[in-house]
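Protein chains in written order, with this note's numbering: chain A, 1 to 702; chain B, 703 to 827.
List of simulated lysine-lysine pairs, DSSO-like, C-alpha gap at most 30 Å:
(1) Lys403(A) - Lys779(B)
(2) Lys725(B) - Lys263(A)
(3) Lys471(A) - Lys815(B)
(4) Lys815(B) - Lys725(B)
(5) Lys134(A) - Lys779(B)
(6) Lys769(B) - Lys133(A)
(7) Lys815(B) - Lys779(B)
(8) Lys738(B) - Lys779(B)
(9) Lys134(A) - Lys403(A)
(10) Lys725(B) - Lys367(A)
(11) Lys779(B) - Lys128(A)
(12) Lys517(A) - Lys462(A)
(13) Lys128(A) - Lys403(A)
(14) Lys403(A) - Lys815(B)
(15) Lys574(A) - Lys608(A)
(16) Lys136(A) - Lys779(B)
(17) Lys455(A) - Lys725(B)
(18) Lys263(A) - Lys240(A)
(19) Lys136(A) - Lys403(A)
(20) Lys136(A) - Lys735(B)
(21) Lys738(B) - Lys136(A)
(22) Lys471(A) - Lys517(A)
(23) Lys171(A) - Lys134(A)
(24) Lys462(A) - Lys725(B)
(25) Lys43(A) - Lys82(A)
(26) Lys779(B) - Lys769(B)
(27) Lys769(B) - Lys735(B)
(28) Lys815(B) - Lys462(A)
(29) Lys769(B) - Lys815(B)
(30) Lys128(A) - Lys43(A)
(31) Lys136(A) - Lys769(B)
(32) Lys171(A) - Lys133(A)
(33) Lys134(A) - Lys735(B)
(34) Lys462(A) - Lys367(A)
(35) Lys769(B) - Lys134(A)
(36) Lys779(B) - Lys133(A)
(37) Lys515(A) - Lys471(A)
(38) Lys43(A) - Lys171(A)
(39) Lys224(A) - Lys263(A)
(40) Lys738(B) - Lys769(B)
It should be emphasised that the hints constitute simulated quantities derived from the structure, not laboratory data.
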Amino acid sequence: MSNGLVQILDGNTFVVSDSNGDIEASLTDPTGLFSFDTRFLSKWVLTIDGQRLNALSIDDLQYFETRFFLVPGTGGVYIDAKLSVIRQRAVGNGFHEDLTILNHDDKPVDLSVRIEAGSDFADLFEVKDALAKKGKYSARVDRGRLLLGYERETFRRETAISASARARLDKRGLTFRARVEPHGSWTTDLDVVTAEGAGGSYVRPKYARGATRARPSMELSLEKWVADAPQLECDRGELKRTYRRSLVDLAALRFSPPVAGGKSLPAAGLPWFMTMFGRDSIFTSLQALPFTPELAATTLQVLGDWQGSRVDDFRDEDPGRILHEMRYGEMTAFEERPHSPYYGSVDATPLYVVLLDEYERWTGDRKLVRELEHPTRAALNWIDEYADLMGTGYIWYQRRNEKTGLENQCWKDSWDSISYRDGRLPGFPRATCELQGYAYDAKMRGARLARLVWKDPALADKLEQDAADLKRRFNRDYWVSDGEYFALALDTEGNQVDALASNNGHLLWSGIVDKSKAKAVAQQLLGPRLFSGWGVRTLAEGEGRYNPIGYHVGTVWPFDNSFIAWGLRRYGFKEEAAQIAAGILDAAEFFNGQLPEAFGGYERTVTKYPVQYPTACSPQAWSTGTPLLLLRTMLGLEPLGDHLVVDPALPQGIGHLELLDIPGRWGRIDAFGRGRVDVEERRGGKSSGASRRQRSKRNAGR
Amino acid sequence: MTDATAEFFDALVERRHEPLLEKATGTVRFDLKDGKTTDRWLVTVDRGDLAVSRQNHRADLIVSTDKPLFDYIASGKTNALAALLRGAISVEGDIQLMVLFQRLFPGPPRSRKQRTSAAPAGRKR
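Looking at chain A on its own, in the form it has when it is part of the complex (with noise of 0.2 Å):
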């Protein structure tokens, strides 16, 4: 709940409604049923006796149910609770809501109860542009249902309402006569259907009331969900109810793509991003695999499935391109946007190369590896092939499609993400330095599927060698020597963009790094310009665009610091790891364990606690995954062979930690650790001190 809003939801479709359950949208306002990314119940209006009623309480019951208690007459001070009203509400294929009105008085009372009912049939593009309908709308009563209809050309929508009790339907909604004994209720239960295509089939809501009403299933699969993920235990119990939170948002998040035979990916966001992302997907399967590995093999399958197979610069698509993002609205499917899919994202490749390997090295399961030889061995020829804008053996990126493509097509998307440290930005194509990272593991990991189960020696030895010299040339062009660290990006004149951003610790996760060279961007991620005390910020202090509360140039990213946390594992920083972990941890407590997807990089002694960067979504996945990466990362869980190696490295603060059936290879295992690494004592002492020297040598040297 944000703003004053509800929202359930069920895969793509979903309810935001006010807090009295009432929709009342307008083109800009995001309340509604949403379904496919169109908004099918742009209102949805209870009055009694022509009055609108007044929230008591909500029950969250589930991410897709609530139930709201309502009394009579609007915000007054005085309020007459001789009636009330409870609307109980559960999405699914539409929505289906129970609505009772109980009497509790001593005399009978004859009410007029009205559902105002209307939709826009708005693209959920439209809602976020406020753009104008070019189709035709319809309204009309049949069989005992309100059919709402839209119609622009080939393209149909329709939303059909219809109640268990008797009602008067007319164009703009459903009126009924409520007689409600002393002391007794009436009830009736209301219908909200969403349908696409000509006379298209209903589907029945899913948790339809009657005598033979079964459980919710997705209830039960909630459950089966919690209980078949590793069990934690652990001396703070904070940290308890936060892996549970992520675990059930997880769940809330998982969306099953029409291809996906019943499977489900992680989505993005909830609930506007509730679609394929291939970067959102591949990252969140990857801070999951410990724990739900059945993600990252459905969203390994399905990104397959949709890969780039021609060149339209319209969806900036290539051949083995993996897609960005899938929409299914109008404007898509008028071409009027290129979400159908959308390929404009060059990091999502490399990444799908990386989790195919990560999930084999976890989970064993080779069959999954032949059956996705082609598509991944088609990310790896897009590498090389297409991605190397400027032919310089680098990752560019630059839109083809200049109306509606994406400009930056790296996760830190915004226009003012990548820039140099005087605050200028560069031209295009850009080359940022985590996709080189990138590309360099998924090279070095695509040579060890080539020699393990493709059977193909040649094509791992020349995936090893083009990935030491990228290695070799990356050190070399990307090192800002006089400030000890990798410069953000490159451009077209070869340039460094040298602002100091979060992206070296993706560095140190891909392994692109030079031994020589890790400590130093160690120490810079866990110094004071990088180092808020809650994580590591994407721009450092000090740089020209730096502001504590921009997007992507200064607040903390969660999903960034546990890859962060990952890298530094990855070089052996286990104690930097466990500082980063302690304080992204400390700050979902902020959160009642939900981390958002960005809070200000203001330092943590100032404010004390995390201060919320304003977003649409929450839970978003990848903040969603977060704990479960920083849990991997400290227990320093690593697949070896047929074994899961166990090197914790956990903040003092946490105690005694278990984490038991963790599934793999190795069937399930248990792992243990204690809380060992003083992180007060760093946060204080040497690792900022190094690190403040360096900022002296560097401002020094400008």
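Place chain B on chain A using the hints.
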């Protein structure tokens, strides 16, 4: 006048094997309405091996649309998935087969592989 649809299917016959479809096995029938007649193409996919006929056979996936629209799709002027989303194509059966098969349609005729420039003379530092 060239028939983009016939050219597309003829090219499939010549290709015989398509690596993009190695995951797929099944039959796809295209019912293309052209005025009063319906043009039918049946594609059999066996782990990437392709066979094309004009039989009116039962199929795992039936794709129905107008012949003029399919000419556009077969020549890359219209995107098949967008057309599916707007109801200009209807499909019945195995939707995954559709997702895999649509990859064989060409991209827009004007779209070209992004040119890689020559390497810059060297780093200016």
